[in-house]
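Undergrad: What follows is each chain in one-letter form.
There are 2 protein chains.
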Amino acid sequence: MSLLVTGSIGIDTVETPHGRAEEVLGGSAVYFSFAASLFVSKVRLVGVVGEDFPSTFEKVFTERPIDVSGLERRRGSRTFRWHGRYEGDMNVAVTVRTDLNVLGETGPAIPEAFRDSRFVFLANTHPTLQRDLLGQLRGAELVFCDTMNLWIETTREELLKTLAAVHGVVLNDGEARLLTGRSNLIDAGRAVLDLGPRYVVIKKGEHGVLLITADDLFVLPAYPTTAVRDPTGAGDSFAGGMLGYLAAMCDDSKRAAPRQQALDAEASLPPERLRAALARGTVAASFAIEDFSLSGLRRVSAEALEERLERLRAMSGFR
Amino acid sequence: MSLLVTGSIGIDTVETPHGRAEEVLGGSAVYFSFAASLFVSKVRLVGVVGEDFPSTFEKVFTERPIDVSGLERRRGSRTFRWHGRYEGDMNVAVTVRTDLNVLGETGPAIPEAFRDSRFVFLANTHPTLQRDLLGQLRGAELVFCDTMNLWIETTREELLKTLAAVHGVVLNDGEARLLTGRSNLIDAGRAVLDLGPRYVVIKKGEHGVLLITADDLFVLPAYPTTAVRDPTGAGDSFAGGMLGYLAAMCDDSKRAAPRQQALDAEASLPPERLRAALARGTVAASFAIEDFSLSGLRRVSAEALEERLERLRAMSGFR
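So the protein sequences, as listed, match chains A and B.
Here our numbering is used: the first sequence runs in plain steps of one and ends on residue 319.
Here our numbering is used: the second sequence runs in plain steps of one and ends on residue 1319.
Mixed in with the good hints there might be a few duds.
Claimed, not checked - Residues from chain A that face chain B, not an exhaustive set, calculated with beta carbons under 7 Å:
id, residue
1, Asp89
2, Val92
3, Asn184
4, Ile186
5, Pro224
6, Ser316
Derived by calculation from the structure, the hints in this document are not laboratory data.
Each residue gets a CB set at the ideal place from its N, CA and C atoms; glycine is no exception.
Put together the whole structure using the sequences plus the hints.
TA: The structure is reproduced here in structure tokens:
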């Protein structure tokens, strides 16, 4: 097992029709780590916070097998802060305020001990920084990245270089359309394949996810939770569940994956394994959005996880 | 077999990014009939046109087992006309012009020979007219209706009476939200169940359909066609495929349904049969949207139908 995530660690203030959470733990790398830790025996987290990062937040990581030796607490800097609001159907976050703070400075360095990581998730950040981080990861065998509209619009050429360097990409429907200029999502997904990634995962929020590879087209509905309280972190929790499962399938030290399966970097992942990974991501995200901050993910039991997987299976299929 | 549809028969002018069709055959009952005729040995069509309805359009019905003895050609009246435009991702039709014409007059009458129809689809029209038509159908065992925002907003009480009188309803996501005030679609679907219908089908366009009953929750993706030329009639073609299949399953004269299965009006339809019906509707709609007017549905072969069902099956499912 060696799954590494680089991304933001932040202090969020979130308002939804169901309540308000003030100055809570958030950030892409945090949601990813918690979700991945449902499947894998260790997650390596790389990111930077400021001097103001509460020690109580650091303690939260100890609940799960999350290795925070790549978490840099930078002197004289302040932690990234985001204040967002969801209204109505909560499908879109309105940003009230963003303070980049330490995220506007030099990026983190990958600790020497982490450079052999085989599975890597480059959460959303400047595509040049994504590539710099990837350059420090010589052992990477399966790399997924995320991105956002901002980079598609302002640093397209850099983003294209990053996409050419990764195996997979996770992006939402709007981003897939913006990136490719194709309105049909299957067309858009295939156009992203042409940019380099072998695995294209398009997130459609309440409508689920789409997997597009050269050999497979897989459509998975979202888990039918009606108890959505805070959608923050849904996408990163999805990615964490997905890559956590894929890493666990190659992990001999984790009971959840009895067989050690070597990952051939040049071969494609079996479609069945990818499909199964998307299902785990979907279920992880369903827990994340049921409460504010990490509360939903922190209380997931193995039984609840299995039950939701079974329910998701039962929702599709016909003769 | 006795499947009857009441709805509009119109002359459409449609513009999409892929072309323009001028004064072509359209209307909800027309799309429904063609799609249903892929599964069932006879469809009974009830609707009204004006003196201007081209005889060439009437000939089109003879290609399929569609009984047009309920098609009234009213003297001194003009046929319903709709001019619409689809832009960008073609998810929403912009109405350029609507001439209700004969649809603004007295509704059609159900011919005596049609009053024993067991399966009925009341396509979108004023809910009072839907109930009047249903009152003439004493043999109806399974009745589905459609509706639209206009009736939800302007004749809500009448619509609620209609919903209380049918077994199933087919509506799109926006309509389900407007009708129930619930933004979560599963919540919304369950709230519609409380209004009377036993079977609630929510259409989500490119994201597929959702079936909500007391016993089942089924999510089916749309067929992944990338060749959408004109989305007009997608919803009615879906309903036609769905009810055509359900009727065929109770039809001993149609080879597609080898076993005669009695429909117990008081019992619920088996979830598997409903799921299978939604899949047939999805595939029928996929053909309808690949060309203008009825052109897509007119050229469907049994082989192409089976092939798409198989592809739809292969798209979902995971371990």
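Undergrad: Work down the list of hints and note, for each, if the structure agrees.
TA: Here's how the hints hold up against the structure:
no.	hint	result
1	Asp89	holds (4 Å)
2	Val92	violated (12 Å)
3	Asn184	holds (5 Å)
4	Ile186	holds (5 Å)
5	Pro224	holds (5 Å)
6	Ser316	holds (4 Å)
This entry does not satisfy hint 2, going by the numbered hints stated previously; all others are met.
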